[in-house]
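In the order they appear, the protein sequences are chains W, R and Z.
Using my numbering, read the first sequence as starting at 413 and increasing by one per residue.
Using my numbering, read the second sequence as starting at 469 and increasing by one per residue.
Using my numbering, read the third sequence as starting at 9 and increasing by one per residue.
FYI, nobody ran anything at the bench for these hints, they're computed from the structure.
Honestly, I wouldn't trust all of these hints.
To be verified - Derived DEER-like restraints, expressed as beta-carbon distance ranges:
| id | chain 1 | residue 1 | chain 2 | residue 2 | range |
| --- | --- | --- | --- | --- | --- |
| 1 | Z | Phe223 | R | Val740 | 52 to 60 Å |
| 2 | Z | Leu128 | R | Thr558 | 45 to 53 Å |
| 3 | Z | Ala139 | W | Leu597 | 24 to 32 Å |
On a predicted model such as this, the values are computed, not experimentally measured, just so you know.
All C-beta atoms in this analysis are idealised placements derived from N, C-alpha and C, irrespective of residue type, glycine included.
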Amino acid sequence: MAVSFTAAEQLARRHRFQWWETLPWIAALAAFFAFPNYLAFATQVLITILFALSLDLVLGYAGIVTLGHAAFFGAGAYTVGMLASHFGWTEPLSGLLAAALVAGVVGLVSGLVLLRTHGLALLMLTLCTMTLLEQAANMGAAWTGGFDGIPGLSFGKILGLFSFDVLYFRTQYLYVLTVLLICFLVVRMLVYSSFGQSLTGVRENLLRMHAVGAPVRIRLVIAYAISAALAGVAGGLFTQATGFVNLAVLGLERAAGVLIVLILGGYGRLYGAFVGAVAYMVLEHFLAKAYPTAWQLGIGVVLVLVALYARNGIPGLAETLRGKRRSAP
Amino acid sequence: MDLITILLGGLASGMVLFIVSVGLSVTMGLMGFVNLAHGGFAMLGGYVIALSMQHWGLPFGWALLLGFVAVAALSVVLERFFYSRLYRATELDQVLFTIGLVFVMTAAVTLGIGPNSQSVVLPDWLKGQTDLGFIQYRSYSLALIAAGTLLVLALWLGFERTRFGATIRAAVDSRRMASSLGVDVGRLFTVTFAIGSGLAAVGGGLGAEILGLDPNYPLRYLVYFLIVVSVGGLGRVTGVFFAALLIGVLDFVLKIYFPKGGTIFIYALTLVLLLARPQGLFGKKGG
Amino acid sequence: MTASAAAPALETRGLCKNFGALEVSREVNFRLERGARHALIGPNGAGKTTFINLLTGVLLPSRGDIFLDGEDVTSLAQAKRVKRGIARTFQINQLFRGLTVLENVCIAVAERLGVGGSMLRPAGRHADVIAEAMRLIEMVRLGADAGRRVVELPYGRQRLVEIAIALGLNPRVLLLDEPAAGIPSAESHILLDAIATLPKDIAVLIIEHDMDLVFRFAERITVLVSGAIFAEGTPAEIAANGDVRSVYLGTALDG
């Protein structure tokens, strides 16, 4: 029974690190040296990767379609911003922890309440929750700075040693890269665990998951809360790296943007967030500023094409093409 | 402002929401398809109406008709070539497609016509005020209320009294059963989609004074249309009617008394409502 | 062996289910003994799958009670009933199509062993889960396909994955909803063998239209017509029952 032994062995080794998994990190480090004048932009790319990773956990693995994930990004961003601005709390690492905690709690509460529904109702509720937070931030101007947000924030030294590099963003980049690495390892662990398998099960066949006795709702709520916490970390990093926070962190534009990133890169594949974020933000950087309307048109066309033909993003499209070539006579 | 004035103003807003959203509710209830691009049809219709009046001097009524027909025709093309391929697709793919479509529509209008807002010039008989006896009120708003009421009555009659309407109701309740009874479900979808989009087009033109008309219209009002449809219950014309009026009045009142972020109440209310009844106020349970 | 003192594996008393005015299940008093090989037959629309859905908790009854090993499970949710020992297969395969056979069964076994929610250890490190899953896969003779994705398997073999998953839950009661449905007759022997090798202590209830399978498998048969029990007995009794023949079996046995 040599074949079946291989199947079990394959499963037993699936979580082991592959050699090519080091490539994105090597590339990220190389970028540090290769693009010293673009580190502010590169830092934003890393933050977007983290945000997209958090969305992948709920969308790609658990199959929860949400248009409101920016609610958690914004919760984390504003937590860091308000702590710094109103309480003088500028220690970066503890600020991040606070961001994760607040966003995680928001995710837990909203998950408990929202995940009782599914389909359109759930989509609506995620949108409503995010817009609700956006309106609340708009109203609570005394705390949140309202429409203008909280500008001009500065933060203390990381671990008491590394101060933020306002000119070249060197510290920020390495700081965000390190946090991204840690968070990525957390997500990777979750995805390869039994918990992650059960999320995939929920996505693949909800009825079956119920029929094997899995506590589906609890699993989804936990995944949602963890994802929210991670999105909150991304938001906190955003405020720390850029030195300001405003309503845009809670807007439909940011929520749709991260969804597009994940779609481009391929969801349900850990590294999809990397591919998508780099592709989207680089393209956006060069095209959107110059030709905003054409950019919108292009994104629209890409989304339509992806929905119709390339269900798994750019990597999926590549796979489909490769498959077609193999089967052609 | 006294109560009547506020009520009339809110009702007028609500009627516009109704006229635009009723098509969305029926097609979503019928096809189970998340069509986030519905507002785009309203916008395109509004543009056809506004521009045909501006550039060709078309009278108001004819412009509305043109808007209905043009957008309905466009929607048939889109439905046959694109939407129909996604009926069995995942919710995510439907969301992606329709968001992409909205982007394309918005960008196309910006590129083709320009980013500025358009206005629909009202005919003389709609300008000014009408004397209702107990109050003098804007004729336009009263006409909107009348139009919306007529529409809901016509739709109700259509659904309850015609065979076509009965077919739609049956298919909304159970697509599988309808098709096993010999209904050509594909053609039903196309016709319903066309009518719904056409109505949205008329709503976009009629409501241009209240909701505005610019390339960002579909995205700006996306959440509101979805709220009206979800709260009303998918496929329930009466449900959409009352939900639209409710949201219209609430929005109107909140914008007057709490101009800064008062609309938060609408989102909170929707949250509470949908949690208590995910199928909406009038929807079918387990849908 | 009739252990009359011991509770039956599964029992319903006065079970009713209405959808509005439509009565789909009517006063069903049903007993499934331990270790039983019991078949439930009846014409289309008799309410057989509804009955299974009621037993497993997919549907809640309008009236009546359900007992699993003597315990009242009437108000328990689906997942909780699974934990108490009921497992089912579906009439149309409900599998994780994008995952491999092994992954499919592992998910079920992991839930049963209580490690389905474990976050810190990679799924691959749960050697006990994998070993047990492989054992079940071998039991239904799918060993060679363990590493293949379900969607790549022929429908008949997918059916076996259904059974392996159900077994992975270590049930006391196993409900098979038309296990032969969709299997070309050339492959049906695979299914028959799998059912024949089911552990003797599990009570098995099978819904089937394939009379060949029913009469070879069942020690006891219940006939359901219009939501109510029409007749019950040994295969010989049912085959000889004139009313059953006219209502249902007539054409099947003659043809």
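Evaluation of the provided hints:
1. Z:Phe223 x R:Val740: 52 to 60 Å: holds, 58 Å
2. Z:Leu128 x R:Thr558: 45 to 53 Å: Hint violated: Cβ distance 31 Å, outside 45 to 53 Å.
3. Z:Ala139 x W:Leu597: 24 to 32 Å: Between alanine 139 of chain Z and leucine 597 of chain W, where Cβ atoms are some 28 Å apart, the hint holds.
Checked against the numbered hints above, the structure breaks only hint 2 and satisfies the rest.
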